[in-house]
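A.B. asks: Sequence:
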Amino acid sequence: MSAAVTDTTGRSAEGGPPPPGRVGPLGRLGAWTAGHFKHVLVGWLVVVAVLGAFAPQVTSVLSGAGWQSNGSESVKVRELAEKHFGGTGSSAIQVVVASKSHQVGDPSVRRVIAEVTRELKADGRISEVVPPQPGASISRDGRTAVVLGGAAGDTDDMVRAAEDLKEPLRKLSTGDVTVRATGSSTMWSDFNTANLDAMIHAEILSWPVTLAVLVVAFGSLIAAGLPLLLTMAGLAASVGSLVLISHVTPISIWAMDFALMFALALGIDYALFLVIRFRAALAHSRDPRRAVEETMDTAGKAVLLSGLTVLVSLSAVMLVPAPAVRTMAVGIMLSVLFVLAATLTLLPAVLAELGPNVDKWALPRTRADRTQSPRFGAWGERLWRQPLRFGTLALAVLIALAVPVFGLKTAMPSIKVVPANDSSRQGYTLVQKSFGKGAPGMLQVAVPDTSVAAALTALKSADGIAGVLPARRAADGSGWNLIQAVPSVDPSDLSLTRTVSTVRTELPADALVGGAAVENLDLKQALDDKAPLVIGVILVLGFLLLLVALQAPLVAAVGVLTNLLATAAAFGVARLVFQDGRLSGLLGFEPQGFLDGWGPVFFFAMIFAIAMDYTVFLLSSAKEHHERTGDPKQAVVGALAHSGRVVFAAAAVMVAVFFTFALADPLPPKEMGIVLGVAVLLDAFLIRLLLLPVLLRLTGRAAWWSPAWLRRALPAIRFSHD
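In the numbering used here, the protein residues as written are 236 to 957.
Don't read these hints as lab results, they were simulated from the structure.
Quick caveat: nothing in here was measured; it's all calculated off a predicted structure.
Note that CB positions come from ideal geometry on N, CA and C, so glycine has one too.
Be a bit skeptical, because a hint or two may be false.
[Unchecked claim] Cut-off 30 Å, straight-line C-alpha distance, at most; resulting in silico cross-link-like pairs (DSSO-like, lysine-lysine):
id	residue 1	residue 2
1	LYS668	LYS406
2	LYS595	LYS644
3	LYS311	LYS695
4	LYS406	LYS651
5	LYS335	LYS406
6	LYS672	LYS644
7	LYS672	LYS335
8	LYS595	LYS695
9	LYS311	LYS651
10	LYS668	LYS335
11	LYS668	LYS759
12	LYS318	LYS695
13	LYS311	LYS759
14	LYS668	LYS651
15	LYS759	LYS672
16	LYS672	LYS651
17	LYS651	LYS335
18	LYS356	LYS595
19	LYS695	LYS668
20	LYS335	LYS356
21	LYS356	LYS406
22	LYS644	LYS668
23	LYS672	LYS695
24	LYS406	LYS672
25	LYS595	LYS311
26	LYS759	LYS651
27	LYS672	LYS311
28	LYS318	LYS356
29	LYS651	LYS273
30	LYS759	LYS318
31	LYS311	LYS356
[Stated by the list, open to error] Across the chosen pairs, the derived CB separations fall in these ranges:
id	residue 1	residue 2	range
32	THR737	LYS356	36 to 42 Å
33	GLY410	ASN656	14 to 20 Å
34	ASN656	PRO609	53 to 59 Å
35	PRO443	ALA701	34 to 40 Å
36	LYS356	LYS335	23 to 29 Å
37	PRO705	THR409	29 to 35 Å
38	GLY823	PRO443	20 to 26 Å
39	LEU796	ASP684	56 to 62 Å
40	SER696	GLN338	57 to 63 Å
All chains, full assembly: derive it from the sequences and hints.
C.D. replies: Here you go:
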């Protein structure tokens, strides 16, 4: 290998320093931060202190609701119920009072119902309290009743109300009478609490695992601590920002959960890439400032491009008209933005200040000056000699894992995602036992006076409807009526979709169908409808970013298509595990028979963003070597020798982080951890370190070809420093 190839530190082919005037904007930024350590440090301390001061408020001010499709028919029904029917729509608090041995009319049970009523009326977020009604909210055996607390606030207010009321209401239980709050608002309260606790627990578990992997990857305790510095700075700033934004628009509590996870994962990736490059540059130049300049002029460009691709991928999720889903993307984007800013400013300043001390407390046999890995270089040579042998094997495995994706089913989370001892699930079980399997998924039909008779007739004759309650006319003279219908199946049963579709077809045109279960169905439909658009936008924008960075259409297309293959394989595994229940006993969960409905859109964006992270690291290194030599072989072999170790180590850390979430008891964090962990595992080891180099080998010089008109149209971006 020629000197120009082996020397990737940014020096000229003759071994001297890079010629003056060739340093790009990021290199100049790195040089400035290196010379202004105190200014950069103070600036970040101010940012973290100011924004971090708001962070402790995060769990109390962020939204617990937002799982709805804005503008949908079911949301309109809830809004009508709030306006004309005392808030007795889907967000109302349902309180189940069940006696083991007495009727509802018994004094002991009536006394408990009176106490429940007083508790509800004492809360300003409850508009009116509807007592149990014979034939509607009192069971046939007379031992179970439901007291309804109407919603006086929006869905976020009602989730907070449920959080505050469920335990005081539980304490009203006696030896004979059980009291449990349930309904949509209480379910989301329990769901959010359980998952937030699980996510924080998983984060705590992941830190020692992460630190251990980092020490091995960096070979130095000092260097291993730098990613954690970025993570803490990015987390404090992003969480504080979420609190401030929540005063303008509701932000889901899940935004914080995902921000925590991505800040840790990407902070480690970016720091690993920059620190390894800095250590090698420092070993050659012996000048910390020049080493930072070179690092930012090469690896810094890859980090910036990676951050932009993550932001672009997640921005496509904003096309989904669901507040919770949108704000989860906002949370991740904020964490990526702050971690990226810290990586490009704070980290270079710290590296320049540390200088040779970055290798302090190094592990034995650590080679900090080694830019390239002989093992990964040898692996690249082997792939170049035998591309079909290894490429065919990798492709076969990925296709085999991707095939099950064609049978993937999705639905919104069932009550199984709530812990069995939580109020909403116990109340749900009591309602089903006393009123029928479909009672927790009661349909609410809003209909004008002129269509009440036709609506009642249609509901009573509709397939999948077990019972219909009398119409309730609005007392405010608005002319609206509310009819409740009980489905014959559990709300999580996939056949409920057909029932709702049938009912909507057979009802009068001016009737609106809603209810908590229908809101879930409408949200899933919105997610399904937007999925092709979101996926298409992500693919197109990802291709355009790679095209601008790499200046070669074919290699940009290869990068995007391999990302798509990794994503399909991850979803195929998700189908086998979470829909079919493979390994459910080992992983400790009860399968729902489907993947959560927000998975395809949101997980696709997350997986694609992570896959682009590794794609950028590897292909930017390949482009750097191709710029130096013009040799496709040196581009492949040099990229693996130069970046293979970084991709391997970063993937190991990220897999460790994600798989700790698989240890959580609630199903959503488990889904997220396994799907993302498997995606990283497949993408890093089967695609970036095997299939992508093989495809570059097979396409040869064509991979890096670009028409003259395109080169003139695109900005000139170089990843080499000489």
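A.B. asks: Taking the hints in turn, state whether each one holds.
C.D. replies: How the hints compare with the structure:
Restraint check for LYS668 and LYS406: the C-alpha separation of about 22 Å stays at or below 30 Å, so the hint holds. With a CA separation close to 52 Å, the supplied pair LYS595 and LYS644 exceeds the 30 Å bound. A hinted pair counts as satisfied when its Cα atoms are at most 30 Å apart, and LYS311 with LYS695 qualifies at roughly 23 Å. A threshold of 30 Å between alpha carbons decides the hint, and for LYS406 with LYS651 the separation of about 24 Å falls inside it, so the pair holds.
Between LYS335 and LYS406, the direct Cα distance comes to roughly 17 Å. Compliance with the 30 Å bound is thereby established for this hinted pair. Between LYS672 and LYS644 the CA atoms are separated by roughly 22 Å; this keeps the pair inside 30 Å, and the hint holds. At most 30 Å may separate the alpha-carbon atoms for a hinted pair to count; LYS672 and LYS335 meet this at roughly 20 Å. Between the alpha carbons of LYS595 and LYS695 the distance comes to roughly 77 Å, so the proposed pair goes past 30 Å and is violated.
In summary, the hint linking LYS311 to LYS651 is supported, as the alpha carbons are separated by about 27 Å, within the 30 Å threshold. Between LYS668 and LYS335 the alpha-carbon distance is near 13 Å, which keeps this suggested pair within the 30 Å criterion. About 27 Å separates the Cα atoms of LYS668 and LYS759, which keeps this hinted pair within 30 Å; it holds. For the proposed pair LYS318 and LYS695, the alpha carbon gap of about 27 Å is at most 30 Å, so the pair holds.
With a C-alpha separation of about 16 Å, the suggested pair LYS311 and LYS759 falls inside the 30 Å cut-off, and the hint holds. Our distance criterion of 30 Å between C-alpha atoms is met by LYS668 and LYS651, whose separation comes to about 16 Å. Taking the CA atoms of LYS759 and LYS672, the gap is near 22 Å; set against the 30 Å cutoff, the hint holds. For the hint pairing LYS672 with LYS651, the CA-to-CA distance comes to about 15 Å; that is within 30 Å, so the pair holds.
Between the alpha carbons of LYS651 and LYS335 the distance comes to roughly 25 Å, so the proposed pair stays at or under 30 Å and holds. Under the criterion of a C-alpha separation no larger than 30 Å, the hint pairing LYS356 with LYS595 is inconsistent with the structure, at around 64 Å. Pair hint LYS695 plus LYS668 holds up; C-alpha atoms about 22 Å apart against a cutoff of 30 Å. Taking the CA atoms of LYS335 and LYS356, the gap is about 26 Å. The hint holds against a cut of 30 Å.
Between LYS356 and LYS406 the alpha-carbon distance is near 17 Å, which keeps this suggested pair within the 30 Å criterion. Of the supplied pair hints, the one linking LYS644 and LYS668 holds, its CA atoms being roughly 28 Å apart against a limit of 30 Å. The straight-line distance between the Cα atoms of LYS672 and LYS695 is roughly 17 Å, inside the 30 Å bound, and the hint therefore holds. Straight-line distance between C-alpha atoms of LYS406 and LYS672 comes to about 27 Å, which keeps the hinted pair within the 30 Å bound.
Distance check on the hinted pair: LYS595 and LYS311 sit about 63 Å apart at the alpha-carbon level, beyond 30 Å; violated. Pair hint LYS759 plus LYS651 holds up; C-alpha atoms about 18 Å apart against a cutoff of 30 Å. For the hint linking LYS672 to LYS311, the alpha-carbon distance of about 26 Å falls within 30 Å, and the restraint holds. Note on LYS318 and LYS356: the hinted pairing holds, with a Cα-Cα distance of about 18 Å set against a maximum of 30 Å.
Note on LYS651 and LYS273: the hinted pairing is violated, with a Cα-Cα distance of about 52 Å set against a maximum of 30 Å. With a C-alpha separation of about 26 Å, the suggested pairing of LYS759 with LYS318 holds against the 30 Å cut-off. About 26 Å separates the Cα atoms of LYS311 and LYS356, which keeps this hinted pair within 30 Å; it holds. A hinted range of 36 to 42 Å holds for the C-beta pair THR737 and LYS356, which are about 39 Å apart.
In this structure the hint that GLY410 and ASN656 lie 14 to 20 Å apart at CB holds, the actual value being about 19 Å. Evaluation of the 53 to 59 Å hint for ASN656 and PRO609 yields a pass: the beta carbon distance comes to about 56 Å. Between PRO443 and ALA701 the beta carbons are some 52 Å apart, a value that contradicts the proposed interval 34 to 40 Å. Between LYS356 and LYS335, the C-beta spacing of about 27 Å keeps the proposed range 23 to 29 Å intact.
Separation of PRO705 from THR409 is about 32 Å and conforms to the stated range, judged on CB atoms against 29 to 35 Å. At about 22 Å, the beta-carbon gap between GLY823 and PRO443 stays in the expected band of 20 to 26 Å. Under the hint 56 to 62 Å, the C-beta atoms of LEU796 and ASP684, about 58 Å apart, fit the expected range. For SER696 and GLN338, the Cβ-Cβ distance of about 33 Å falls outside the hinted range of 57 to 63 Å, so the restraint is violated.
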